[in-house]
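A.B. asks: The whole structure should be built from the sequences, with the hints applied where relevant.
In this note's numbering, the protein residues as written are 1 to 106.
If you are wondering where the hints come from, they were derived from the structure by calculation, not from laboratory data.
In this text, a Cβ means the ideal position worked out from N, Cα and C, and glycines have one as well.
One or more hints might be untrue.
Stated by the list, open to error - For each label pair, taking beta carbons as the anchor points, the in silico distance ranges come out as:
1. G66 with T40: 16 to 24 Å
2. M105 with M45: 24 to 32 Å
3. E47 with K95: 17 to 25 Å
4. F90 with T48: 15 to 23 Å
5. E47 with C102: 22 to 30 Å
6. R103 with T59: 39 to 47 Å
7. F90 with Q56: 24 to 32 Å
8. L76 with M106: 28 to 36 Å
Stated by the list, open to error - With a cut-off of at most 30 Å between alpha-carbon atoms, the simulated DSS-like pairs for lysine-lysine come out as follows:
9. K50 with K95
10. K50 with K74
11. K50 with K70
12. K95 with K70
13. K95 with K74
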Amino acid sequence: MKLYLADRCYCITEFKRSCTNLTDDVPEERSSTATTDNITAVRLMIETAKRMTYQQIRTSLGINMGQLHKIFYKYLPVVKLCTRWIPYNFTNAQKLWRINWCREMM
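C.D. replies: Printed below as a string of structure tokens:
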């Protein structure tokens, strides 16, 4: 078990209060907000409603903007372009389709 700075301060405070056994009293670690549930929920939201805003996603999940930013740029390879969510890692098939489409439009 890792002891973080907050845990160490807690232990020092308890020993100053004459508490000698702290094995059961150490606070539990904080869980990460960017859980797989949140990542899956965000993925479903942007796939079903392409025009969702950051604010709508953030308020519906109840997470802060930093965690939402982390989910988008670390776990989901998408960026917001104009008003739509666009993947920034295209497969070779997607690249070929876009090239062919552009040639047809010329």
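A.B. asks: All the hints need checking, so say for each whether the structure fits it.
C.D. replies: Okay, the hints, checked on the actual structure:
Separated by about 19 Å at the C-beta atoms, G66 and T40 satisfy the suggested range of 16 to 24 Å. Roughly 31 Å separates the CB atoms of M105 and M45, a value that falls within the hinted 24 to 32 Å. As the Cβ distance of E47 to K95 is approximately 20 Å, the hint placing it in 17 to 25 Å holds. Between F90 and T48, the C-beta spacing of about 21 Å keeps the proposed range 15 to 23 Å intact.
E47 and C102 have their C-beta atoms about 24 Å apart, which keeps the hinted 22 to 30 Å range intact. One distance hint, 39 to 47 Å for the beta-carbon pair R103 and T59, holds here, with the actual separation near 43 Å. Taking the beta carbon of each, F90 and Q56 are about 26 Å apart, inside 24 to 32 Å as hinted. Range check, L76 to M106: about 33 Å between beta-carbon atoms, so the 28 to 36 Å window is met.
For a cut-off of 30 Å, the pair hint linking K50 to K95 stands: about 20 Å separates their Cα positions. The suggested pairing of K50 with K74 holds, with an alpha-carbon distance near 19 Å, which does not exceed 30 Å. With a CA separation close to 19 Å, the supplied pair K50 and K70 stays within the 30 Å bound. Straight-line distance between C-alpha atoms of K95 and K70 comes to about 26 Å, which keeps the hinted pair within the 30 Å bound.
Pair hint K95 plus K74 holds up; C-alpha atoms about 22 Å apart against a cutoff of 30 Å.
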